[in-house]
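With the hints in hand, could you dock these two chains into one complex?
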Amino acid sequence: MSNLNQGRFELKLKFGQLSSGKLISANLFHEDHLCTGYAVDITLPTKITLVVHGKDMNNDTKLDDQGNIAEDLYVRIMGVYLDGFNLGEEFLYKKIKFITDSEVLTTPYLGFNGRVEFDLDRPTVFDQVMAWKNVA
Amino acid sequence: MHIECLSNPDGKQVDVIVTTVPWTDSSIPLMAPAVLKPIVEHIGLTCLAVDFNAEIYNATQTHPGKHHLTNFFFHGVGHLTVNDWLKDMFESAAYGMLSWKPKFIALSLFSYASKTSCEWLCYYIKKISPDTKIIIGGAGCLEQFTGPSTFADDMIRRGLVDHHVRGDGEHTFQQLLLGNTSYPGIDSVTWKILTNEELDQLPYPDYTDYDFGQYSKKMMGIQGSRGCVRTCTFCDYIANWEKFQWRTGASIFKEMKLQFDKFGIRSFKFQDALTNGNLKEFNNLIRLLAEYNQLNPRESFNWGGYYIFRNQSANDKEMWDIMAQSGAEFLSVGIENLNEDIRYAMGKKFTNESITFHLEQARRCGIKLDLLFLVGYINETQQHIDNAKTWLDQHVRYQDNLLITWGGTLGIFPNTWLDKNKDRSGVIMIGNLPNAWINPDVGSTPVLRAKWVQELTEHSLQLGYDVKPDSLDTHWVLEQMIKTNV
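Sequence lines, in order, name chains A and B.
If you read the first sequence in the working numbering, its first letter stands for residue 0, the second for the next number, and so on.
If you read the second sequence in the working numbering, its first letter stands for residue 581, the second for the next number, and so on.
Excised from the complex, chain B in its bound form (with noise of 0.2 Å):
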């Protein structure tokens, strides 16, 4: 299988590689690779950086067993139709890296369903080049935000990996490759944060040795910062980003403007937990942002990306309107919940008369929202199912700016606030799933949350409503239930 993103005809030597391992369904590029291309430059190695991930998601579409590959990467289950696409698949791979002679080959892992092809793809670099060293990271590697990483560990045993590196990767795979491996977040739980001026002075993403042919979408992501402004009850996202890390406004509007001198993209998404957590810094790019559309109407930018609610102040009009001057398409928001009480409990704190008024704003300045759900707070019932049904009812006039992700009942993961608060929120957990638990004061179970995501999706959709194909994990949540006899 020839490999396009691997090709190296000229016989050219790199001292790293840094790729994506497959399977990610992105219609962008996946970042990792190109955030890291910088900074091991920086140091004075070569490096080829590619989304080796990208080429492949686009074989398995037009594969007639595009259903069993998707098994593979999931499950890591074969089918006679696929079985030998996908050996040739790894084989040309790990020929392919290995072609460029590399010291170092870097995996990134962005999500759990990367983890088979890592371990063929490691398993086939080690048995061709048992010297080649290769690290992996990535939020794929991890089971969950804090803890160990049982697959990294097992990985490391086995010697189809050499080290993991974790958190905020860029000081710690500079320092990897410098040889001190003795660095926090190598091989380790613990792990540098970097501080707001290491953040801004980051080298910016370089996309030079991506094919741009192969998105969908023309669009690059875009990081502004890391971690959150908020302490929500439930988040192990800050569980393990315990600051809020940002960039200004200035920088983040310098990177666009170079990426779209060197590749012509207009469109970003930003791929941070929130957009608007440092609401200085957030004016700062929208109102540069803005100028420079109101300059430039043809090569205008547009923009994405999660979005916090605050509640409503005197100022917010003319924020939303500059905020559409800038470019801003959609915005994914963390509401959580429909009723007061309960997203207070959480820790997020905005009325319900706040997400009207930005539901409002949003509908008139023509920028769509994406609403995130958490169904099955800790103390929820019925009676708060039955409000958000009545919200849903009530707010039928700004469905056609809404796509709403119900998403998956309420986990509780290590570490996190309400993890380390279960004896006295009442909370029992019943098995090792996070969302294995019950709470006797409220009669809350797994199977009667699972059943609310049914009742609020089945009656969004019978409102006009666009829900989210597929958001759900109810599913899976009940099947891992019954596996474990949760």
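One chain only, chain A, in its complex shape (with noise of 0.2 Å):
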């Protein structure tokens, strides 16, 4: 069947704002292309990445007296779907690697600028979220 290589890739997302009402930006990519929303229509193999941007390093995470943060700017991943199937908690903590500038973050807490690239590189949907799924 040609069409278990097409589904819809979704990110579900969660933003944490300032209380100037400041939000952080994030983008979705699908081929170089930016998407409308946070869900595509994708023909495997493919390539998506979330571009999180537009964070002020210095001004945007505001910390109390006892020096913990009582605001920040930040975007969360809650979900990953692909063609409804969701990908689940030990992706969203193990596999989600978020590239800074600097370094490389295992974690759905996005809270700096950067980017998670998803690299849809099988051939069908099946076996696309089982290798997502795999355990090692």
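Calculated directly from the structure, the hints in this document are not laboratory data.
Quantities reported herein were computed from a predicted structural model and do not represent experimental measurements.
Heads up, a few of these hints could be off.
Cut-off 25 Å, straight-line C-alpha distance, at most; resulting in silico cross-link-like pairs (PhoX-like, lysine-lysine) [what the hints assert, rightly or not]:
no.: 1; chain 1: B; residue 1: K1048; chain 2: B; residue 2: K646
no.: 2; chain 1: A; residue 1: K94; chain 2: B; residue 2: K667
no.: 3; chain 1: B; residue 1: K667; chain 2: A; residue 2: K46
Now the structure itself:
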């Protein structure tokens, strides 16, 4: 079946904003094309990138008197879905690589400027979901 | 992959396919497709009713990646050694089903371990043939016996399933096929319970499309009742099946004979919550079976099922004798607790003396008993656990005839008596899971109750009792609690 390589990639995001109302920017790119929102119809294999930008690292994280974070500008990936299949918590916390200017972090909490690349390199949705949900 | 139960070399067509979906560990046929086949045919539609689960279950048993396959079915997690096999299986199953050009495909989910397969199977079917209607049903769709099914609702929202059927499925399923989608039990939490007369008039299950070569036991399921006569405080089954429905002994016996004539099967496993709920009909059945067995010693029937102990009465010795003659081989009995006061509080009103009497009779008659327990009732204390150990010490003489299933710890499920009376019972929920409760009055906590299960298991094993392996959900309970920060 030819359409077994087609599906919908979707991210569920949560934004943390400052009391001033400022939000961090997050844009989804599919093969270098900017997507509307955080869901896109795809044909495998392909690449998807979430780019996070617009955070002023000097001013957009506010600390209280004890040095705890009182306000922060961030976007958190709450869910990743491929054709409705939820990749689950393991994927969120163990397989999302957040690439910043200085390091690569394994986290769904995107509190810096940077990007997450989703490399969908398998031929079908089943193969891709299983590759992402494989046990080591 | 060739899937034998779905093969269609002559390119036949059916209106409806009813099938089980993997993964259920069963050595006998799952009943649902056979039950629904005559229901479908009664309204003039053609039906293929198969036990797809059995074929896949057998294939997994000899697969080198068996462990990874089981992990997939239970948790949806893949592994390099099995991913291609699974993809081939789902794709082949979807094409196999669609080769019959059905208008409806009905998937029966026996347990929660059927969900992953159901999801992928529906995905493949809808990808290949979006217009084929898919209906799901069965206990596997339900997180709990009562309340909405998150799984079914999500499958419908995603367009993978068209309808969800619950409760007594026979009439509901028929009405759905006839286009009456507003009938209770179709995409609704409430459903219409069958009357005893309706239950008695249902056609007998039709196993014509099953391959009996797939099963390690030559045994068939049978259902004589639904619901329960007891009103145990912890039971969520009766919260869903509010009335006890039963068939006559004569009707059940007739079905057993018919299945033997048709398929040569003489062993039956009752799938009821209890075989002896209606004592009059139970007595009728065992007398019919005993007479038959006496007249047909070379073709005698045997059976097993769930059974309730009652307080000893004058006729009980004779009843045990007739049960033995009727072919009773094993009975699963929900004792739940070895302390009378706890048992009475639960709603299981029979004495310890009666338990001993029934154990004696069962041993005398050669009928094996599987004793089922539920550890950690709301007012249970260490003293009760110690009493249970003493009981085990004092009854070792019966151990050759017993299998002990300690089961898990007490869960408080929605809409049960315990759930509705939490406040006056001293129980405080500390999380969303059924087992996440404490009772400060007696110091009962999830961790303590899990420890009690271990204690009782170890004690009974030390005494030489046969204890059902892997029956504990204690580790699972603790894991879930850690995950959810209970």
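Under the criterion that the straight-line Cα-Cα distance not exceed 25 Å, is the pair B:K667, A:K46 satisfied? 23 Å, holds
Verify the proposed pairing of A:K94 with B:K667, using a straight-line Cα cut of 25 Å. Measuring from Cα to Cα gives roughly 23 Å; hence the hint holds.
Given the hint that B:K1048 pairs with B:K646, does the C-alpha gap stay at or below 25 Å? The hint holds at about 22 Å.
The structure agrees with every numbered hint stated previously.
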